[in-house]
Amino acid sequence: MTTPALSITDLRKSFGPAKIIQGVNLEIEKGERHAIIGPNGAGKSTLFNLISGGYHPTSGSIRLNGTEIGGTKPYLINRMGLSRSFQVSNIFANMSVRENVRCGVLYSMGYGYSFWRNVGNLKEVQRKTAEILEKVDLLDKANLPAALLPYADQRTLEIAITIAGGAEVILLDEPTAGMSHSETERAVALIKQATEGKTLVIVEHDMGVVFNMADRISVLVYGEIIATGAPSEIRGDPRVREAYLGDEADALENGDAA
Amino acid sequence: MLKVSDLHAFYGKSHVLRGVNMEIMPGEVIALLGRNGVGRSTTAKAIMGEVPPKGEITFKGKPISGMESHQIAHMGLGYVPESRDIFPTMTVRENLILGIKNMKVPGKYTVDQMLDMFPNLRARADNAAGVLSGGEKQMLTMCRTLMGDPELIIIDEPTEGLAPKIVHQIGDMIAEIAKTGVSILLVEQKLSIALRIANRVYVMGHGEIVWSGTPEDFREREDVRKEWLEV
Amino acid sequence: METIVFSLLNGVIYGLLLFMLSSGLTLIFSMMGVLNFAHASFYMLGAYFAYTISDASSFWLALVFAPILVGLVGAAVERWGLRTVHVNGHVAELLFTFGLAYLIDEVVKIIWGRNAVDYQIPELLDFPLFELFGAQYPAYRIFTLFVALAMLVALWFILNRTRAGLIIQAALSHPHMVGHLGHNVPRIFMTVFGVGCALAGLAGVIGGNYLVTDPAMAVQMGPIVFVVVVVGGLGSLMGAFLAAMLLGLLQTFAVAIDANFADMFGWLGLSPTSEVGRISIASLAPMIPFLMLVLILMVRPRGLLGDREL
Amino acid sequence: MSDQTMQDFKNLAPSNSQKFTQRLLPLVVFAVVVLMIPMFNPSSLVLTLLNVMGINIVFALSYNMLLGRGGLLSFGHAVYFGLGGYAAVHAMRMIEEASYGDGGFWASYPVFFLPVIGFACGALAGAVIGWPSCRRAGTPFAMISLGVAELIAAAGFMFGSIFGGEEGISGDRMNGPELFGLSLGPISEVYWFIAFWTIVGTFCIYAFTRTPLGKMSEATRDNPERVEFVGYDPQRVRYLVFIFAGGFAGLAGGMAAVQYEIFTPEAVSLAPSGMVLLMAYIGGIRYFAGPIVGAVVLTYMQSMMSDYSEAWLLYLGILFMVVVMFAPGGLAGIVAGLINGMRAEDRNERIGRWLTVSAGGLLAFAGLIVLIEVAVRWSNGYGEVFEPFGMHLPTASALTWALILIPIAAGVGLLRLAMKRKEEGHA
Amino acid sequence: SAESLKIAFIDPLSGPFGPSGQAGLNEWNYAAAQINAKGGVGGQEVEIIGLDNKVNPKESLVQLQKAIDQGVRFIAQGNGSSVASALIDAIEKHNKRNPGQEVLFINYAAVDPAFTNERCNFWHFRFDADADMKMEAVTDWVKGQDSIKKVYIIGQDYSFGKAVAAAAVKNLGEKRPDIEIVGNELHPLGKVKDFTPYIQKIISSGADAIITGNWGADMVLMIKAAIDSGYKGPILTYYGGSKGAATAMGAAAVGQVKAIVEHNTNLQLSDAQTAYVDGYEAAYPEDNYYYHRIHNAMNMLAMAADKAGSTEPKAIAFALEGMTYEGPTGTLTMREDNHQILQPLFMSTFSDNVTRGVEKLPLGWVSGDADRIEADATRTETTCKMERPS
Ligand SMILES: Nc1ncnc2c1ncn2[C@@H]1O[C@H](COP(=O)(O)OP(=O)(O)OP(=O)(O)O)[C@@H](O)[C@H]1O
Ligand SMILES: Nc1ncnc2c1ncn2[C@@H]1O[C@H](COP(=O)(O)OP(=O)(O)OP(=O)(O)O)[C@@H](O)[C@H]1O
Ligand SMILES: CC(C)C[C@H](N)C(=O)O
Ligand SMILES: [Mg+2]
Ligand SMILES: [Mg+2]
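Residue numbers (the working numbering), protein chains in the order written: chain A, 54 to 311; chain B, 1306 to 1536; chain C, 9 to 318; chain D, 220 to 646; chain E, 25 to 414.
None of these hints come from the bench; they were simulated from the model. A couple of the hints might just be wrong.
Covered by chain D, per the in silico footprint, the following chain C stretches (three or more residues, Cβ under 8 angstroms) [what the hints assert, rightly or not]:
1) 117–127
2) 202–211
3) 297–309
Note that the Cβ used here is the ideal one computed from N, Cα and C, for glycine as well.
Bound-form chain A, shown alone (with noise of 0.2 angstroms):
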């Protein structure tokens, strides 16, 4: 068997005296489609955070594709070809849409800190720009201030500049918050193929998304992953039910997302 592209092993963060991630064992396999759900305050957008160097973990492991990761800076996880999103937009909103996602790109391409060459003249990341608005479809709003964009669109952003740097692995935290149904599933087409042989990982509340993307799902409570599996399993477990879904499961039997 391959490595996981992505592998915790009792992962552990507290601020203080609160215990936020209490212990979380997950192996998310390459080119795997895993959602992670959860009440709020569960700790996922913190374990988003761990994973992608944001916080450092209080003790524990993370391994990206064997390496260990905890407690690395952002930029150099990036590097190593993990990407994520954030669930409040994250974008430069005095650039347009353009240049946005060529932040993401220049750094992949080789670009890093050089300052003799001209942007301008670069080929190859106007290509893999145009390639990434294309893929997400906002070509026709490429010359526009990022910050001028309606609401779903800056998330659509927000994804585009996550993937743009050609990671293989992908958080998405939230990606569809706030978005009405059709923006919502035209979110749910373009990642599925955005991140098409790529590893994702997400987090929802959308459990139309959820049990519509994944292949797994892990259920994280307080801290705690309650329970992995694939959809069907997870729709089935009573603590699940119990701990998160509430009525809505019965919901999501009856096929009718919230």
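Knowing the structure of chain A, use the given hints to seat chains B, C, D and E with the ligands on it.
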């Protein structure tokens, strides 16, 4: 209690509200439904003075359009915005204290009573509010507004981004608040909640109220639902 | 021995003066987040107002009215200036006060002239209080000490007994929301800014005749005030107090020490005739505050007693 | 990827002609203007002014690499200007010594290339000082820069052999090999030197904004957190930008060394750092040309207006505050706004509003001028009287007060009117 | 010709040394008015252009350039040897680069001895006694005071302060080897606002006398701190007459503070001279007649122009060399070898027994017959090797 007639509002050049009319009686829970972007939040903002309103808005018989937001608040109008706007660097307790309008006049609740009602918050009482999870933040925002003893609360999308189970809790909480005699204007997308707790329903489309009636009537009107709510 | 006693005394008093000067800024900075570059200019205004008032009537009236006047000027500046730029963020506010400093400096030059004015210590306090090792100690310095302590107590009371601090801090993140909760944010901002400026004005009344009242006094004191506030720590009055004392003592002691680098580092082979060797400790005095500032920001960005980072 | 995409993308990217008109043309025009000036036989007074402008343009542009592009508010940028300048003066002295002494490297180093030394030294200083200062942006950065500036300024009086104490260090630019037939003696020859380096500096700083590092510096300004998650270390980005900004400030310092032939410790102090901040901000930090405009305007005020009015710093302070309050885009922003406005559909409405605003502003300003000038003369106490356009305006006269109060009141009224119209226009 | 002769006065007009510069400007203006009443210099009306340099050498050069660009050919400056040093350099360079448009430097107060020794320059003329000459006089006085056993030297940290300190150490060593120098300290120029720590240090050192070259605010504040702290020994100054010092000292300092000067208003004055002084004090009621040397310089300038028959700086410079002038205090000579004036000096003492007070006080400066030092006696050796233009 609150009466809105021919309310218009603009963002720059775009005409978002095109003559909204509605009325809320004391003790009522009103749900304002509508698709994304039809202007429900804008209605709330216009009432609260955050967006300059054109038209007539009276609260308890007094016109409030053009008033400063703190004056509106002092008249007994509370607001829980979509963006929640908790004060991230302050503790949960401090956030609650800030909800008190006048330290000299004791309100219905003390901070401690409030924390007793919501054990989730009590557990985080001395943490910075910025690190709360989404659901905790939503609760905090509502509690904070309650601290000021409002007579009418406008609540904008309280369940957005919340786990399914919490959604229900929040619904219960709003019903609970309504029982204490506070009027509520609830801007909500999730029909299950809105219909469960509302006395009356307004449906909004393109910056106007297109339908109003009781939840029971609403359930009957498949056509309204199809035309104005579904995509 | 004499040196130590004198330096202690002078250091404490200079430190207290620094504290008086910076307490207003601590208030404004920690409550409103405004790094008021013009703070020392308000200090200067205090001195000049006091000069004019005591020229016309008495020092004691000046002691009361000069700070009030400065406070009113401050409130007006907030009302018709700062409030407009507030929406553009802290950098805009900082720049606004930066321009304000130029403005006040120039206006002072126009009204009171380009050279020092003769703002004198009131006769009642102009006598040697005691003699120490052959040198007389002026009573006014001891008076300064008491005013500063009174200010410390009063401020501590204000900060800990009012909710204004919380409200303002909240307004920094979500001003609209604070309004919806029923607080009149603009008025609180104006009051805090006014009070902060009035405190600077009071420092000016005291410092103007202790030191010199001239148009350069603002420029000279401005940066040091920042040092006190930042080193002390954001939001901490006690921190500011501590930092001011530390600065006062360090600077005074440095002046009093009769040694140079060669004396201190001679064992390292530093020659007393070399350029570095000849540097006297006394001449380091003006560098000390800034050395402290840079070090603190690098090592402990929240300052000595601050409760949050800058 | 489909050809179609590439096609679309090409259409999005500016065309070559757009690139030319928007990027190259302004620089070319700038260079042509600079080169044409001597054809008008300017007096040495004008040449001096132009030279100082050139120095300040490069200095202000280098400052804007930090403030406008990098979002780093520095109160100590003159440190790098000063250190670069000092290095150049020292080099100038070495050239002098070497050419009278035993030759060597310095004897063959042309004074014309002293700005290179300035750049190197400024960049070096940036590399050393930037290391601790660039760890954080925002207020801590501003405060550290202030502290460093004061430290270096204090050190200026301590290390006599470097800074020369109160006397400063001076040199003679007329030594070493001549380049381009310029002896650099008369000011008209120094003009060519300054012109050359102004163009080189401007061009290089512009080119920098188009590099990956330049772009990421803007990204870091807007959102340092996100930058980390696209593979960049924001501290590193800031640090590198800081070094370049220091280098170009040093370049300007090297130009100043040749122009003035003296540097004093005051050059590294807070005052010139504040001045360059004013230049960049008043000119407009969000526009590349902003600092250029600012440098030109402020240099003019500093050298010329100070002859007409003692209160010129007061006018400067007022100008700055007006910009901060009402025109955060600076002078360049106002110009850009005008140009965009001319293209907008509600053009006529806008022009009407502008006219009202300008009329109001001018009126209020006229009243203010009278007030200030009368006050200045009153304050000097020599009994001098402000006499604009043959009018006689003593402090006590009713006419004086009428000329102060009426225009101010009328101006403020007009401004309010314009403001109200704008609000209504938006509704 | 109708064109006026412009003298650019480059000195501090604001800041801690503003009063010193402003007083100088007033006296230059008065001297110009007086000479203009007598027909001007070489038939040209003299016009003084005051330029503020904030005692900053670089700013001074900016002002110099501006003055030159406006056609000014004469520069007057005095406050600060640091500035004078830069001006000497810059003027020399200018004169070399712009033959036919030379500029002449009239130094009325910057007394770093170097300017008339190793750094002497043809375009520079000094109308004040240099720091060494003055220190000779000061130490001659100390020589006679047996009670002085310990001396503290304090000064401003720049070339002039250093020159004073060096001269004091050298002269005391020669004239009174028994005296212990208990402190020799330099403080930053114009930055100290509270001299109390310095004074307490001096008192603790047990000094019997203080020697200081301080001027401007540094003088006023230092002396104020000394009096407030109850320092009782003699304070030997160069510039005790700095504006504001008398007020700061008050009656407490009578007999205690001394200053070495070329003139004070309680000397035996001729009627003409009395009228001249009165005229000045009437024209500038906030000032007292102080910079006598400015008036000397103006008169010598006029004489030189007459002698040369021209107002060209070069011609005037040649005419000034070796010129003698009968001034109110005696005969003045401009040394040809180094362009240093020789004039009688007076050790004067702060006193309450005066016919003319200063600063509207019944206090002022007096000197007895024994306090007069003849012009010739002030002559010092010079190392100057003057290069003269052809
Ligand atoms: N920096 C921090 N300091 C202290 N507590 C924190 C910090 N960050 C998060 N927490 C706490 O950790 C818990 C988990 O937060 P997290 O944001 O990970 O929740 P989540 O699962 O993403 O919830 P949601 O679905 O609402 O976004 C919350 O209770 C929060 O208060
Ligand atoms: N600040 C703004 N500037 C410009 N347009 C805005 C702004 N805020 C909202 N709008 C636009 O106004 C319209 C109504 O917005 P509003 O927020 O009231 O919608 P809503 O019905 O509450 O929908 P949502 O589900 O998105 O909250 C939308 O088309 C939106 O794009
Ligand atoms: C005006 C004088 C007091 C100047 C001083 N003598 C100097 O040489 O610097
Ligand atoms: Mg989350
Ligand atoms: Mg909404």
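*Hints that the structure is at odds with (numbers, increasing)*: 2
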